[in-house]
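K.L.:
Given the structure of chain P, go ahead and fit chain U onto it with the hints provided.
Respectively, the protein sequence lines represent chains P and U. Note that this note's numbering has the first sequence beginning at 1, numbered continuously upward. Note that this note's numbering has the second sequence beginning at 1001, numbered continuously upward.
Heads up, a few of these hints could be off.
Said to hold, decoys possible - To give an idea of the chain U side of the interface with chain P (calculated C-beta under 10 Å), a few residues:
{"#": "1", "residue": "1102"}
{"#": "2", "residue": "1110"}
{"#": "3", "residue": "1113"}
{"#": "4", "residue": "1126"}
{"#": "5", "residue": "1131"}
Said to hold, decoys possible - In silico negatives: residues of chain P with every beta carbon more than 10 Å from chain U:
{"#": "6", "residue": "4"}
{"#": "7", "residue": "9"}
{"#": "8", "residue": "37"}
{"#": "9", "residue": "73"}
{"#": "10", "residue": "91"}
{"#": "11", "residue": "92"}
{"#": "12", "residue": "117"}
{"#": "13", "residue": "145"}
{"#": "14", "residue": "161"}
{"#": "15", "residue": "164"}
{"#": "16", "residue": "167"}
{"#": "17", "residue": "173"}
{"#": "18", "residue": "189"}
{"#": "19", "residue": "276"}
{"#": "20", "residue": "288"}
Unchecked claim - These stretches of chain U come out as covered by chain P in the derived footprint (C-beta under 8 Å, 3 or more residues):
{"#": "21", "region": "1092 to 1099"}
{"#": "22", "region": "1114 to 1121"}
Since the hints were made in silico from the structure, they are not lab data. If you're wondering where the values come from, they're calculated on a predicted model, not measured in any experiment. All C-beta atoms in this analysis are idealised placements derived from N, C-alpha and C, irrespective of residue type, glycine included.
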Amino acid sequence: MHVLGLIAYVSGFLSTALMLGIACMGLNMQWGKTGLFNVGVAGFMGIGAYTSALLTTPASAGAISSLGLPIVVGCFGAMLVAGLGSLLVGALTLRLRTDYLAITTFGAAVMIQLVLLNATRYTGGALGFAFIPRPFASIADQPTLFAVLTLVLLALIAFGVYSILEQLVHSPWGRVLRAIRDDETAAISLGKNATVYRLQAFGVGGALMGLAGALQAHLIGFIAPDDFQASLTFQIWAMLVIGGSGSNAGALLGSIVVWGIWSLTGIVTGSVFAAEDQARAAALRIVMIGVLLCVVLVRRPRGLLSER
Amino acid sequence: MQIYAEMKEQPLPHQQLQQRPTQPAGPLLQALGLSKHFGGTIAVNHVSLTVMPGTIVGLVGPNGAGKTTLFDMLAGVAPPTAGRIVLNGQEQQQRAAHTRPTQGLARTFQIPRPFSTLTLLDNVLLGRQQQRGERLLANLWARRRIAREEGAARERAHELLEFVELAPLAEQPAGVLSGGQRKLLELARVLMANPRIILLDEPAAGVNPHLLEKLIDRIARLNQAGTSFLIIEHNMDLIMQLCRHVLVMATGRLLCEGEAHTVLRDPRVIDAYLGTTTP
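Chain P on its own, in the form it takes in the complex (with noise of 0.2 Å):
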């Protein structure tokens, strides 16, 4: 029993990793491939949970949706919905450049956190959005195989986002992105349309943070809009950073390293600190990953695995 409730336990942990990694890796299309400077990934993830949780929760007592579609057609609508809300933030901010970008990325994010929070008719409000249809539910009594089904669904979803995305970044648009990345001015001369490629990059990454969103809404079945708080960009960020800015195999490697501090972290604060200090402690657990970041990028300043 011991061991099942481990395999549970890890299982759960790989799962919440690799979804957070599917954000990393569209932080990277945009940050590492392009050098687009995007600290709205919590908000785009917000925007894809809530939109699959629209779409696919199923009408029942207290329930703020009743279309119940399939969670595939969910993830796919919040890829979609995500995709063209950061096409639209993209078509209204590309324009600027790093800290700039940074400031008005980072804007958009508050705003839809606090649209979410305020629109509760649509989205619960404070009081979070719940009900959202999880896979494998049917076999929930079960918890060590409905945890490792999730996942390996998890798995294969991050696997060919990973392959897809792989074969994009060696294809010629990729390299278009690298040579943006690298110099701008000399694209344009060679006929790049600067604009339409750091947009789409924009939008394939946004949309990954979309689909990373609405797996998170199917894997906990809860969402709040505390869950999309500038805190989670600070993570997905570390886990670029740390993973290898540029590298999507590193970007899957920071979200299972930075979720393992995370979780670790946890557990210590969990155990060492009184019930009443625990909402101090969680504080130290965001302390950790700041030192996890800082002991990277002096041993491994390009992470633990850069590009190429």
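P.N.:
Coordinates of chain U only, in the frame set by chain P:
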């Protein structure tokens, strides 16, 4: 560099020798009364020029004369304050810079701008126009076709790297190149676009004398195959060898123009370059 020590006569890449689409009889590139103001500074002041198909035109003048600004306007990077640009009979005012190469105009930079983290081969491949594989969605459903096109493009890119004697470095990141090699890489890169006119901004700067001879030879041969050039250059050897028609700019204005030998002996030109000799 070692590889230049044993430079051989390279055959001209075959595609360059192929018949080009028939060109309109009129001017290939025309600038009409171009001006560029930066705040109160007038960098280029009402300059007009014409490049006929198949010719090499030189653009000389002291530093700060506005030559590169003129190039930037012709390439579409800097919108002119006033004036018109006509390429192949098409007005260019409303067209973005990235449309120039597909219209047959390519340019190099005064300070070369290679994509330094990309290999030399990738740098050259980026010069190719209208690549199917550069379209995002095509990569999801036309993979085999793209792979075929990419194969042909690689072959051509290798030919061009051989043409500029950089083939042994094809898989190296462009960041390792010396200044002169970067100039040559840029030349190969724009040739990949099969341009009808190339704007060269100081192609000889930083290129060693032995290499310079080869560079001049390459430009002459490309010109024989039908490519036109507009060349900014301080190296008068290169100008004299290649350009029949020369324009001289000074302090933003066109000082004079005409046949190279005459123009470069013009006292006004000597004054502009060496400072005023008469009180």
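K.L.:
Against this structure, judge whether each hint is valid.
P.N.:
Okay, the hints, checked on the actual structure:
no.	hint	verdict
1	1102	holds, 6 Å
2	1110	violated, 12 Å
3	1113	holds, 4 Å
4	1126	holds, 5 Å
5	1131	holds, 5 Å
6	4	holds, 41 Å
7	9	holds, 37 Å
8	37	holds, 18 Å
9	73	holds, 20 Å
10	91	holds, 16 Å
11	92	holds, 19 Å
12	117	holds, 34 Å
13	145	holds, 34 Å
14	161	holds, 13 Å
15	164	violated, 8 Å
16	167	violated, 7 Å
17	173	violated, 5 Å
18	189	violated, 6 Å
19	276	holds, 52 Å
20	288	holds, 32 Å
21	1092 to 1099	holds (count 4)
22	1114 to 1121	holds (count 5)
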